[in-house]
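Chains A, B and C, in that order, give the protein sequences.
233 is the number that our numbering gives to position 233 of the first sequence; each next residue is one higher, with no gaps.
Basically our numbering = 1-based index in the second sequence + 1000.
Basically our numbering = 1-based index in the third sequence + 2000.
These aren't lab readings, by the way, just hints derived from the structure by calculation.
Wrong hints could be hidden among the right ones.
Stated by the list, open to error - If you want the footprint, here are the derived chain C segments under chain A, 3+ residues with CB under 8 Å:
| hint | region |
| --- | --- |
| 1 | 2143–2157 |
| 2 | 2163–2169 |
| 3 | 2181–2191 |
Note that the structure is predicted; figures quoted are calculated from it, not measured.
Where a beta carbon is used, it is the ideal one built from N, C-alpha and C, also for glycine.
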Amino acid sequence: MEEQAMLATPLAHAIGVWIGALLTLMIFSFLYKDNPFYKFAEHLFVGVSAAYWMTVAFWTTLIPNLFARLWPSSMGSVLPAVADNQREWQYAIPLALGLILLTRLVPRIAWFSRWAMAFVIGYAAGTNFTRYLQSDFVTQVQSTMVPLYEPQATTMATIGNIFSQIVVVGGVICAIIYFYFSKEHKGGFGRAARVGIWVLMAAFGASFGYTVMARISLLTGRMDFLYQWFTGANW
Amino acid sequence: MAEPEKKVTLIEKLGSMDRRIIFLLIGLAVLIPIIVKYSTSIPTSPLVQTLFDKVESLPPGSKVLLSFDYGPSTAPENQPMANAFARHSFEKGHRVYLMALWATGPRQSEQLIEEIISVEFPDKQYGEDWIHLGYKAGNQGLINTLLSDFTAMYTTDLDGTAIDEFPMMEGVESLRDFDLILGLGSGFPGTKEWVQFAGDPGDIPVGGGTTAVMAPLLFPYYPRQIVGFLGGLQGAAEYEYALVKQHPKFGERSRLASQSMGPQAAAHLVIIAFILVGNITYFVERARRRKY
Amino acid sequence: MKRTIPLLITFVVGFSLIVAMFVPHDPFHGLDSNFSIFYDVIAVFAFILGGGNLLKVHFNKVQNKRRDWKYSIVTISGFFLVLGAGLLKIGVPEGWSGGYQASGSLFKYLYDATFQPLQATMFSLLAFFVASASYRAFRAKTKEATILLIAAFIILLRPTPLGFYLTYWLPEPLKFLHIPNLSTWVLSVPNMAGPRAIMIGIALGIVSTSLRLILGIERSYLGGDSS
């Protein structure tokens, strides 16, 4: 309880903000040039991140979804809600596969980890096969072929819609032609591929604009934090 | 003759400008609007409006799943979206389920609880109006599991209380029991996976918000597979605009994204200036090379 | 043992999941459900593997006193500090039955003071490099580059006051040329077509790769040892 009180006090909070601000400045120092402060912060980040993900996965998935199913009564002190549950033996399979995956750390028996990898790859292949086929292929083709004429729309809107829809259909076909390399890009096929490049360039331009927007938003977040730290508003 | 030479020198200087000067200018472009508290409002685009209308039109008591698939790295973009979705959902009387596909997600949902739910909606009851389910490993595999059996992975809430003890979990057997899934994403797994692994196979309405980097890649899903989405901070500001317009009671306090759009606009103008100057120096130098 | 069993596992798991999509009844439905849960649990071991690998690399660096080995001590110390704080639930008010991220816990404190600012700042650095790239590399050298530049300009202008003032005076019949409308059009028309073509291509690639994996034609994930 003493530790809890200590880390929840305003003083502890202020110290935390100062640590955060100094680490932020250490990272920003890279903009001038690479230096020991940046390297320190960068290496700390790597270690802290790995441990964070491991800890969270341990408490949120390994304990409630594996250990609590295999040894419910032993988990009573950590997870009282499951103490009276029945043991579910089938969860010995993911436990075994998980432990097998860890053999990758021991070079002599690292080949054993292929069994677990095979499960992961088989699962990803099986689910991706159907999901990508449905969402990113069949439905995309369906969505491209939509009616040009909408009865309720005004004349101007109808002209606009028809033009936009022609650009979408033509753009998709031409961009696919550009990615088709089994036939030489000459003549009409080459011209279509060229239009495909223009469509892709317009899309990449939009992506660039949005990327700039994203990065500036993140910088705004950090600058705002530093400004609040400098003025003492977030201490 | 001295005058043209001077001009060329300036162009040359601009062409070889130290990158640290560019860094300084962009830093100032962001910092100054923060100091002077410059903000802008962005009118709502059709893409955002359709999602807003969907949340608005759901009957009270509808189940809305809010998935926090991001972390501190993109919180300045995603957190205002979460705030706006939560405000809107609670205002309409929906039941909100908070979960995460990213391990860093629960801290972001806790921030929502601390700053929005506890402060603005203290009358909303935990377990009846909202629940914090937390993170589970598995990425798209988790969505696949939840689609067939929600409680197979979520046996407890974040604090370890058995899931069947909460009234709002009654009738939730799979993702198909939700009226709307709102994925707040910044990469893999994120909104795209919600469309692929839940929306399409389960015929569940999916919407959400993504970082601006991811946003252009989601357009092919709109409107058939995704109800609507917020693209980056601008999308969040547009949703805030629609929210305040429809529910004026939120007013100034719900303008987190709009406040950040001030520095955003200033930085955009500086970058546009960079591109223009960069191109002018390029064309002047090219013309000069051709001349000699 | 080294190749046949993994190939068999991949085939059975992959094939069952594809069949489950078309035959949503047991045993395939049950297999789909169970395999998904198993996959979620195995994902945790991947985190442990990642952590173990990180330690192996950095301990090795320290042991052999390789370049910048002193910083590896920082990585290892940070790793054990956060891992210990989280696994032992140090500072959690309710003890073992409390949440590992509870207010007052050392784990939460370390997250807020170190992980959160480090991750956020690391990503925000990119803003500076994007600005620098805009100045140095974003040139209208060709017709294609000019199209890219115009599209980017329209998107960048949208949230700025300049974007409004440049076109607000245009008459009603030319309203579609207002920057906000143009921006929406660029995003929902050419930006819809380009990524959709890429998406269709990627989908076909993933489908064919998945089939090759399930049928055991693609075996590169098994590594080079053929014994």
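Quick rundown of the hints versus the structure:
{"no.": "1", "hint": "2143–2157", "result": "holds (count 13)"}
{"no.": "2", "hint": "2163–2169", "result": "violated (count 0)"}
{"no.": "3", "hint": "2181–2191", "result": "holds (count 7)"}
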